[in-house]
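Here's the letter readout for the chains.
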Amino acid sequence: MKASAFDYARPASVREALELLGRHGDAAKLIAGGQSLVPALNLRLLAPEILIDLGGLADLRGITVEGATVRIGAMTRHADLLGSPVIAEKLPLVAAAMPHIAHPAIRNRGTIGGNLAHADPASELPAVMQAIDAVIVVRDASGERRIAARDFFTGIYETALRDGEMIVAVEAPVAAKDERIFFHEFSRRSGDYAIVGLAARATGSGNALADLRLAYFSVGDKATLAERAAAVLGAGPVDATRLAAAQAALAEDLSPQDDQQASGSTRLHLSRVVLARAIAVLTGDASLAGRATA
Amino acid sequence: MTARNPLTELDRPNSYIGRAVPRPNLTRLLRGRGQYVSDMTLPRMGHVVFVRSPYAHARILGIDTAEAEAMPGVIAVVTGKRLAEVCTPWVGVLSHLKGLKSAPQHAIAVDRACWQGEAVCAVVAETRALAEDAAERVFVNYEELEPVTDMVAALQPDATVIHPELGDNLAFERNLDAGEVDKAFAEADAVAEAEFVFGRHTGVTLEPRSIIGDWNPGEERLTVHQGTQAPHMMQNIIAKHLDLEEAQVRVICHDVGGSFGIKVHVYADEMATVALSKLLRRPVKFVADRIESFTTDIHARDHRCKGRIAVKADGTITAFAIDDMTAIGPYSMYPRTSAIEANQVVNLVGGPYTNMNYRARARVVFQNKNVTCQYRAVGHPIACSVTEGLVDLAARAIGMDPAEIRRKNLIPDDAYPTASASGLKFEALSHHASLDKLLKMMNYDALRAEQAELRKKGIHRGIGIASFIEVTNPSAAFYGVGGARISSQDGVAVRLDATGRIIVQTSITEQGQGSEAITAQVTAHALGVPMERVRVILGDTDNTPYGGGTWASRAAGIGGEAAWQAGKALKANILAVAASILQADAATLDVVNAIVVDKATGTERMPLEEVGRIAYFRPDTLPPGFQAELMTVRHFVPREYPFAFTNGIQASWLEVDTDTGFVTLLKHWCLEDCGTIINPQLVDEQIRGGVVQGIGPALYEHCRYDERGQLTNASMADYLVPMAAEMPDIEIGHVVSPTKESELGAKGAGEAGTAGAAAAVANAVNDALSPFDVTITEIPLTPEVILKALGKV
Amino acid sequence: MTATVSITLTVNGETVRAEVPPRMHLADFLRERLALTGTHIGCEHGVCGACTVRLDGEIVRGCLVLAVQANGMSVETVEGASDSGELQDLQDAFRERNALQCGYCTPGMLLTAQELLAKGGVPDRETIREHMSGNYCRCTGYQAIVDAVETTARNRAAARG
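Chains as they are written, first to last, in this note's numbering: chain A, 1 to 294; chain B, 295 to 1087; chain C, 1088 to 1248.
Just so you know, these hints were derived from the structure itself, not from any lab. Please note that a few of the clues may not be correct.
Pair by pair, the computed Cβ-Cβ distance ranges are [claimed, not checked]:
no., chain 1, residue 1, chain 2, residue 2, range
1, C, Asp1211, B, Pro1065, 27 to 35 Å
2, A, Ile156, B, Thr321, 44 to 52 Å
3, C, Glu1119, A, Ile156, 33 to 41 Å
Coverage of chain A stretches by chain C, computed from C-beta distances (three or more under 8 Å per stretch; other residues unrestricted) [said to hold, decoys possible]:
no., stretch
4, 30-41
5, 100-113
Short derived list, chain A residues pointing at chain B, Cβ under 7 Å [said to hold, decoys possible]:
no., residue
6, Met1
7, Phe6
8, Ala9
9, Arg15
10, Arg188
11, Ser190
12, Gln257
13, Gln260
14, His269
15, Val273
For each residue, glycine too, the CB sits at the ideal point set by N, CA and C.
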């Protein structure tokens, strides 16, 4: 299991990286942390002619707060996010998701930009980015473009990135003071990709949920906002009836697929279960979870 | 439990028998200084990569190797046809498995590929990467044939016959009918039945299969470095199929990164590797990559087994009946065959119980998937899951507690020697002592009370119990009587060197179980020397006595006894030398802490290094006619019983989330009786590892094939093995019933954990789901399987 | 064929210069070029953890880092961390507890555990299991490994006072 041969370039600046990307086009792959790319190379699922290593672009790494916006450089690693007091305070949903992403050795290499560009439908961050209303900042030789996270993911391993573009940063609004969050995934083993996962946030108080966002992952060809269900839940105080209506609406919001781990119908069922658990947490009303706790 | 005289030779002061001493080979492994075959590089070594069939069944119309041969670094591109000139095919049958049939299998397929992953061409190059580059340029012209994948369909009259010359796809069938089964079912107060379905799974050794063939045409000798459990078996087979004398083949085992039965078989690609070395006159190395491991390491336990149980209202089990079917891939594996697992299922079902009415049928079926063969606890997890699943169903049918029905039916501890309905001979087992101890250890009644309380709150926890018996210390009845040249005896040579150190050569092998440690312990104890003085050599056909190796829970029981006997013999010889020097009666002397002492007083007379010095350098000072013999060899094989059966019982405590189908393991217990325990820590860790290896297929592990015979989850991302976060702590207990076949009294312990773990987990899941009147008899118990059973999806 | 790339890196404290093909991953580089075979290869797709090494002080999968990416960086393997004595107490605990059988996962287990232990404190068993959950062991069933890591954490905490 050895990768096919390829050439290697390590640009010293974003400009140089973009220049290389422009020159080599489809023959090139960008490598950030490489934690999804290198397995694909080793398995010869991908055989690029040249790898453009973004590892030298120190200016793409780091977390800054500018007013009400948190900016995360594309080369910021999962471990950086997990250990960041800024993320914990300003983007608690990101902080909540991080421990679920793979394992420590992977988190020490994997980057947010690489993760988002890879666009794995079972990955956590594409959903989290949609839940927190993040913007993906991409750049090509002609300049920058800002794409709402909800528009960024277009299919399995497919994004709105155009030829010659790369992600340089992610920007997200600082969480509101009264923001309530929920993150959970049903995965067979710790660190595995989820069978179903949900990143959710809302504001408001008690059973009245405002600005509710329900971002599901591993339930379709891309991470998806369950907008119908959110609309049902946002239309009035949440009770069991409203929750049941929202659970029913998930059938329209999501199009879960069959795979090794579960059928689409199991996924839809689990999407409904996790919704109840989310709403119980977001409203503080444990009875809505629909299950006992020890 | 058998009483022992507390003052036998095994119980001397400072005994090493029964002591948890650390293994001497661990420091090397802990510092990254082990040497596994995958680590080795030899001068002029080529790396072989195999072009493998993408089809489950296909005719090979032609192979174009020209482009590959021209690739950088390529040494040779070799087809099956060419390799067949230096390596003859084999047929995996044994004469005592009457009617077992199989077809000739080549090291590389010649005309036809019979499973996805079978090698059809070899590329040898300077590096693995270059060989992979060239392998992409080998163009094979296939004609896809209809694959036979479903085991039931494989036996239908209209099925494609994989090997037309065999007539049908039925490799082997065994029927057994003992007692009065029909009468028992007719007179039963309750009958329960179910079909038990087991997901095909595999061993996933962390170090993949690794081998280097090194043919030296100057010596006309082939040195094989291989991660194998049975070097002498491999020596015989390699010689046989490469047209060599056994003496021309040397098999060396270095450190082995896990085996579990995966590395005790003859793999076509490994035979191809050594044949390529002979063909190319240079070392050739093959290390399976992880994908190749999944598609070519033997799989196991692809069974569907219908079972019935008859029970009286008082809980007496009056009959078992099973109809088992297993699919083994396109060939019976060589040389141990792929019929042993089903044969064991027939032997073992109902084994812990007094019932003597038993009917069984097992059918072993060819199909176009990867080959299956013996994997840790061969047949036991199937037999145990069927038996214990049926016992729980019977208990439920008559409203009896699962522990109570077992107490009612387990063979009494004072009934030995006795035999099972299938004819297995039991020397001494301890089912009731084990059950009692288990229930106490797990605080069974309190756990039941806790379960009931939680159930009121809608929390569904379950307790699962599984009794089992386990085959260990096999005699020639396993393979030898069927004509296989697989040794059931082992040999140990022990020598005193001139500095008073001990060198032990043993024919058992080490893959992490602790073979080296227990050999050193037993020998040190027999001789009366500190263990640090003992160095153990194993895994080299040139440098150890002839023997079987390490498999079927045999190393400690058989190899350990050989070490004990060899050590005792050497001690007698040492004392004879010392007696002649000291002009004393040898019977009055002893060896304590590497010093010859007066037995009566403990007075030190001379250290072993002095014995060695005189014997080797001043033999002229010894009495005329006296010859010092400071190396002894002893061999051992059990003779009275074909197998030393052990027994045990496991329990699982877990929680099922009935909304999600997820299972959380909370605790696991295993109580077992392996006879004399040489090193309690090693036994406990064998059991813990074995339990987790049994839990894996209960919850996660499954080689998932599609209807075209494509393995769809051949990666570690998709084939789920047990990892640390989900596994429970496991509590171990023991009852000790030594075998009288040997002085040590040790039976095997390597497979007990795996034998009963899946049954305990499955029974616990069903116990947790009992309020829903749901019984699941399929593993792995995935969330989806559980949700479907609950009617939620 | 593609061009090799010159790299200079520190491996267990020694400066190493090499010409490597870009496709060669770090675990292969350590094993094949430097004969540091304590770094094992189990899956080559980032799942098993057998190839765990430290890169600039942090654990990574050796099979998921290309040797060229390690240019200018510092690599530590189990051999280096053993020779420095850094792992001694952890190795002793593994030995005493028989927390390894075949030993193939062990170098990765040690380096992974050491990263958790370096955070200080005495992690509970669940935390240890979670931290080690990306490292596969087929032999032990994990309990002995968890015990050995827990014992080492206790001993280190006691030594700190």
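### Task
Double-check His269(A) for me: the hint is only fine if its C-beta lies closer than 7 Å to a C-beta in chain B.
Result: holds, 5 Å to nearest chain B Cβ.
### Task
Given that the stretch 100-113 of chain A was listed as covered by chain C, double-check it with a C-beta distance under 8 Å for 3 or more residues.
Since 7 is at least three, the answer is holds.
### Task
Using the beta carbons of Ile156(A) and Thr321(B), state whether their distance is inside 44 to 52 Å or not.
This hint holds: roughly 48 Å between Cβ atoms.
### Query
If you look at each residue in the stretch 30-41 of chain A, do at least three have a Cβ nearer than 8 Å to any Cβ of chain C?
Holds: 6 residues of the stretch 30-41 of chain A have a Cβ under 8 Å from chain C.
### Message
Please check whether Ser190(A) passes as an interface residue: C-beta within 7 Å of a C-beta belonging to chain B.
### Response
Result: holds, 4 Å to nearest chain B Cβ.
### Message
Given Phe6(A) as an interface hint, is its Cβ closer than 7 Å to any Cβ of chain B?
### Response
violated (12 Å)
### Query
Against chain B, with CB atoms and a cut of 7 Å, does the hint on Met1(A) hold up?
holds (4 Å)
### Query
Minimum Cβ distance from Gln260(A) to chain B below 7 Å?
Gln260(A) check passes; min Cβ-Cβ to chain B is 5 Å, inside 7 Å.
### Message
Checking hints one by one. Is Val273(A) an interface residue toward chain B, by the C-beta closer than 7 Å rule?
### Response
holds (5 Å)
### Task
Using Cβ atoms only, decide whether Gln257(A) comes closer than 7 Å to chain B, and label the hint accordingly.
Cβ of Gln257(A) sits 14 Å from chain B, so the hint is violated.
### Query
Close enough to count: is the Cβ of Ala9(A) nearer than 7 Å to one in chain B?
violated (20 Å)
### Hint check for Pro1065(B) and Asp1211(C) - Cβ pair distance inside 27 to 35 Å
Once the Cβ atoms are compared, 32 Å apart, the range 27 to 35 Å for Pro1065(B) and Asp1211(C) holds.
Hint compliance for this structure: hints 7, 8, 9, 12 are not met, and every other hint is.
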